[in-house]
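A.B. asks: Each chain, written out:
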Amino acid sequence: MMKEMKRPERGKSLFRFAAPQLFYPLAGALAPWFAGAAAVLTIIGLWLAFFVAPTDAQQGEVYRVIFIHVPAAWMSMFVYLIMAFWSAVGLVMNTRLSFMMARALAPTGAMFCVVALVTGALWGKPTWGAYWVWDARLTSQLLLLFLYFGFMALTEAIEDPRRADKAGAIIALVGAVNVPIIYFSVKWWNTLHQGASVSLTKAPSMAATMLAGMLVMALASWAYTIAVTLWRVRPLILERERHAEWVAAELDALEGRI
Amino acid sequence: MLYAADLACLKGDRLLFRGLSLQVAPGAMLRIAGPNGFGKTSLLRILCGLAHPEAGEIRWNGRSIASDRESFHRTLLYLGHAPALNDLLTPLENLRFACAAAGDDVDEDVCVDALVRIGLADQLDLPARVLSQGQRRRVGLARLFLGIRRSLWVLDEPFTALDAAAVADLATTLSDHCAAGGVVILTTHQDAPFAVPPTVLDLSEVAA
Amino acid sequence: MSRTLGPFAAVLRRDLLLAWRGRADVLVTLAFFVVVVCLFPFGVGAETNQLRSIAPGVLWVAALLATLLSLHRLFAQDHADGTLEQLLLSPEPTVLWVVAKIVAHWIATGMPLVLVAPALALLFDVEQGALGVLVLSLALGTPILALLGAVGAALTLGLRGGGMLLALLVLPLFVPVLIFGAGAVDSHLSGTGADAHILLLGGGLLGALALAPVACAAALRIAVE
Chain A
0 MMKEMKRPER
10 GKSLFRFAAP
20 QLFYPLAGAL
30 APWFAGAAAV
40 LTIIGLWLAF
50 FVAPTDAQQG
60 EVYRVIFIHV
70 PAAWMSMFVY
80 LIMAFWSAVG
90 LVMNTRLSFM
100 MARALAPTGA
110 MFCVVALVTG
120 ALWGKPTWGA
130 YWVWDARLTS
140 QLLLLFLYFG
150 FMALTEAIED
160 PRRADKAGAI
170 IALVGAVNVP
180 IIYFSVKWWN
190 TLHQGASVSL
200 TKAPSMAATM
210 LAGMLVMALA
220 SWAYTIAVTL
230 WRVRPLILER
240 ERHAEWVAAE
250 LDALEGRI
Chain B
0 MLYAADLACL
10 KGDRLLFRGL
20 SLQVAPGAML
30 RIAGPNGFGK
40 TSLLRILCGL
50 AHPEAGEIRW
60 NGRSIASDRE
70 SFHRTLLYLG
80 HAPALNDLLT
90 PLENLRFACA
100 AAGDDVDEDV
110 CVDALVRIGL
120 ADQLDLPARV
130 LSQGQRRRVG
140 LARLFLGIRR
150 SLWVLDEPFT
160 ALDAAAVADL
170 ATTLSDHCAA
180 GGVVILTTHQ
190 DAPFAVPPTV
200 LDLSEVAA
Chain C
0 MSRTLGPFAA
10 VLRRDLLLAW
20 RGRADVLVTL
30 AFFVVVVCLF
40 PFGVGAETNQ
50 LRSIAPGVLW
60 VAALLATLLS
70 LHRLFAQDHA
80 DGTLEQLLLS
90 PEPTVLWVVA
100 KIVAHWIATG
110 MPLVLVAPAL
120 ALLFDVEQGA
130 LGVLVLSLAL
140 GTPILALLGA
150 VGAALTLGLR
160 GGGMLLALLV
170 LPLFVPVLIF
180 GAGAVDSHLS
190 GTGADAHILL
200 LGGGLLGALA
210 LAPVACAAAL
220 RIAVE
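Read top to bottom, the protein sequences are chains A, B and C.
Using numbering that gives the first Met the number 0, read the first sequence as starting at 0 and increasing by one per residue.
Using numbering that gives the first Met the number 0, read the second sequence as starting at 0 and increasing by one per residue.
Using numbering that gives the first Met the number 0, read the third sequence as starting at 0 and increasing by one per residue.
In case anyone wonders, no lab produced these hints; they're calculated from the structure.
Only a predicted model underlies this, so the values are computations on that prediction, with no experimental measurement involved.
A portion of the hints provided could be inaccurate.
Example chain B residues on the side facing chain C (calculated, C-beta under 10 Å, incomplete) [as the list claims (entries may be wrong)]:
| hint | residue |
| --- | --- |
| 1 | 0 |
| 2 | 17 |
| 3 | 74 |
| 4 | 101 |
On the chain C side, residues computed to face chain B include the following (Cβ under 10 Å) [stated by the list, open to error]:
| hint | residue |
| --- | --- |
| 5 | 8 |
| 6 | 35 |
| 7 | 89 |
All residues carry an ideal CB built from backbone N, CA and C; glycine is no exception.
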């Protein structure tokens with residue numbers, strides 16, 4: 000069915016998929032809106048976090064780091080899932096844009112991993128008395144960061160873009176299958192080895208304002224991720240499609256503007 | 000019949016060719032010509048299904064090779080640049096493995112005969128690492144003398160490093176294969192005494 | 000022998016024969032395993048109780064590293080000499096001969112580690128009752144490492160700096176195997192029983208056997224393109 004539909008295009012254009020050409024201006028148009036939303040949501044979220052939310056009875060002011068830590072940890076996992084999703088779409092449908100989306104997402108996911116790890120360590124020092132405790136969540140987060148590094152290193156190491164795309168997609172999918180297994184095994188290992196009893200996410204009993212602050216920050220990180228990914232995918236599209244006529248026209252226009 | 004329509008090949012940054020169409024009927028021999036770097040090997044690999052074209056499609060006996068890989072590869076014999084020899088195995092072991100891996104059931108005697116015919120009678124039991132370049136290539140070529148029923152032969156520079164007698168023998172074998180209704184697609188830099196001169200496709204004429 | 004199993008048997012036989020003719024490589028892997036394990040007492044001190052408690056982890060980490068070091072050999076030679084192209088042109092299912100290559104690789108590199116491990120465990124004064132669990136956990140776990148590692152080896156085939164990249168790709172994936180493998184011996188020693196760990200390793204092996212060869216076959220097709 001798909002094949003029958005695609006056939007008429009084939010004679011006309013070398014590049015079967017018109018999607019990147021349509022997506023390029025769309026991404027350019029949407030990105031500023033998401034960036035704006037991210038900025039506004041971050042300001043509201045931080046205001047809720049630092050001025051509205053009450054001080055925690057047990058942990059004092061330190062707990063406020065969860066407003067950054069938890070959304071970042073959530074986001075780092077979502078981004079990996081979305082990467083795996085685009086990779087699967089790319090491998091099944093053979094759409095280039097999907098691979099480019101996966102590659103544009105990876106640095107943001109790794110960044111959120113780092114944010115979650117650093118804020119976790121900063122919270123850990125006063126609470127556990129050590130910057131790092133082999134807590135199940137932190138350890139899984141660290142392994143997730145390694146998976147991001149692996150994906151990025153592999154796609155950078157392969158020069159042929161098509162091989163890089165597909166190889167990256169395979170390792171993203173293999174990683175996605177393994178993430179739950181890694182999480183489960185680390186948790187199991189942690190309970191056997193008497194890990195930390197206080198957990199960063201469980202500790203404070205949630206007041207309504209805390210929850211609100213956390214959700215606003217989560218939305219902010221979604222908006223940020225979308226904006227940054229759209230911006231990052233645009234040059235990728237230009238680079239990959241440089242043999243297509245529309246890219247030449249686009250580049251001429253860009254040069255004219257400068 | 001091999002039919003390819005509107006093929007394009009992108010190698011790294013360079014578009015090697017585009018809009019390339021070809022058709023090879025049973026009994027025909029096609030020689031891909033063109034200077035180095037114009038994509039002769041890339042085209043052969045695309046025709047074999049080892050590499051994917053940037054655009055276009057290939058059909059073997061009316062069926063797309065991408066959708067029906069296994070039955071296409073059952074009729075294909077490809078000999079590439081690398082002779083697919085392991086240095087630790089003897090020519091005979093290498094040849095028998097190549098047949099078994101391809102799913103062909105071939106007797107040891109037939110393999111020995113083919114190796115003797117191509118001039119490796121004295122090297123049958125030596126490890127492949129002591130063979131010369133020409134001898135290594137011949138081990139790969141020996142698969143053509145086994146009488147296996149595979150109708151499409153795709154050969155990348157089969158004549159390099161062969162002496163005149165071996166060139167003539169191979170040319171006769173290829174001509175016989177075509178006469179029996181098979182298809183040969185090859186690249187070569189040198190002239191060989193074919194019974195019927197092959198059709199030539201010059202890649203420098205279709206280059207992008 | 001059925002037709003479809005032809006390439007499987009041919010690849011298995013050839014790779015075992017090659018491992019035998021190139022047995023120096025196999026011995027290097029084994030020697031690496033032994034030397035790494037023997038380094039630990041110099042690093043952490045020769046106090047018997049401490050050695051006894053770290054023994055399962057040390058043996059498992061050393062086995063994991065030895066496996067990792069041998070992985071790049073899995074497809075490299077076949078890739079360089081063109082055999083991989085010929086195998087990919089075989090009309091039989093790719094997954095079959097991929098499994099054959101991994102099995103042959105494990106017999107040549109993984110199995111010797113499993114067989115030597117009990118002797119090394121005695122150097123750490125591990126009680127003899129736990130040796131059986133150690134061997135079983137390694138026998139179930141190292142094939143998983145080989146299967147997962149094969150995917151990484153196929154993805155990094157022919158790349159500059161492929162060895163380091165391979166390590167970066169597969170080491171995070173090895174963590175669950177390490178946890179359950181070393182954990183099996185630990186929990187046997189602590190008296191809670193290793194059944195759950197062994198069952199999970201067995202399940203992991205089945206899962207890896209079902210999924211990894213498919214990913215590996217896809218990665219090999221991409222690598223020769």
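A.B. asks: Are the hints correct? Go through all of them and say.
C.D. replies: Okay, the hints, checked on the actual structure:
1. The interface hint given for residue 0(B) is broken, as the beta carbon of that residue sits about 19 Å from the closest beta carbon of chain C, more than 10 Å.
2. Look at residue 17(B): its Cβ only gets to about 18 Å from chain C, farther than 10 Å, so that hint breaks.
3. At its closest, the beta carbon of residue 74(B) sits 9 Å from a beta carbon of chain C; the interface hint therefore holds under the 10 Å criterion.
4. Contact between residue 101(B) and chain C, as hinted, is supported at the beta carbon level, the nearest pair being about 5 Å apart and thus within 10 Å.
5. Residue-level restraint check for residue 8(C) holds (minimum Cβ-Cβ distance to chain B is 8 Å; threshold 10 Å).
6. Against a cut-off of 10 Å between C-beta atoms, the interface hint on residue 35(C) is violated, since the closest Cβ of chain B lies about 28 Å away.
7. At about 5 Å, the closest approach between the beta carbon of residue 89(C) and any beta carbon in chain B falls short of 10 Å, and the interface hint on this residue holds.
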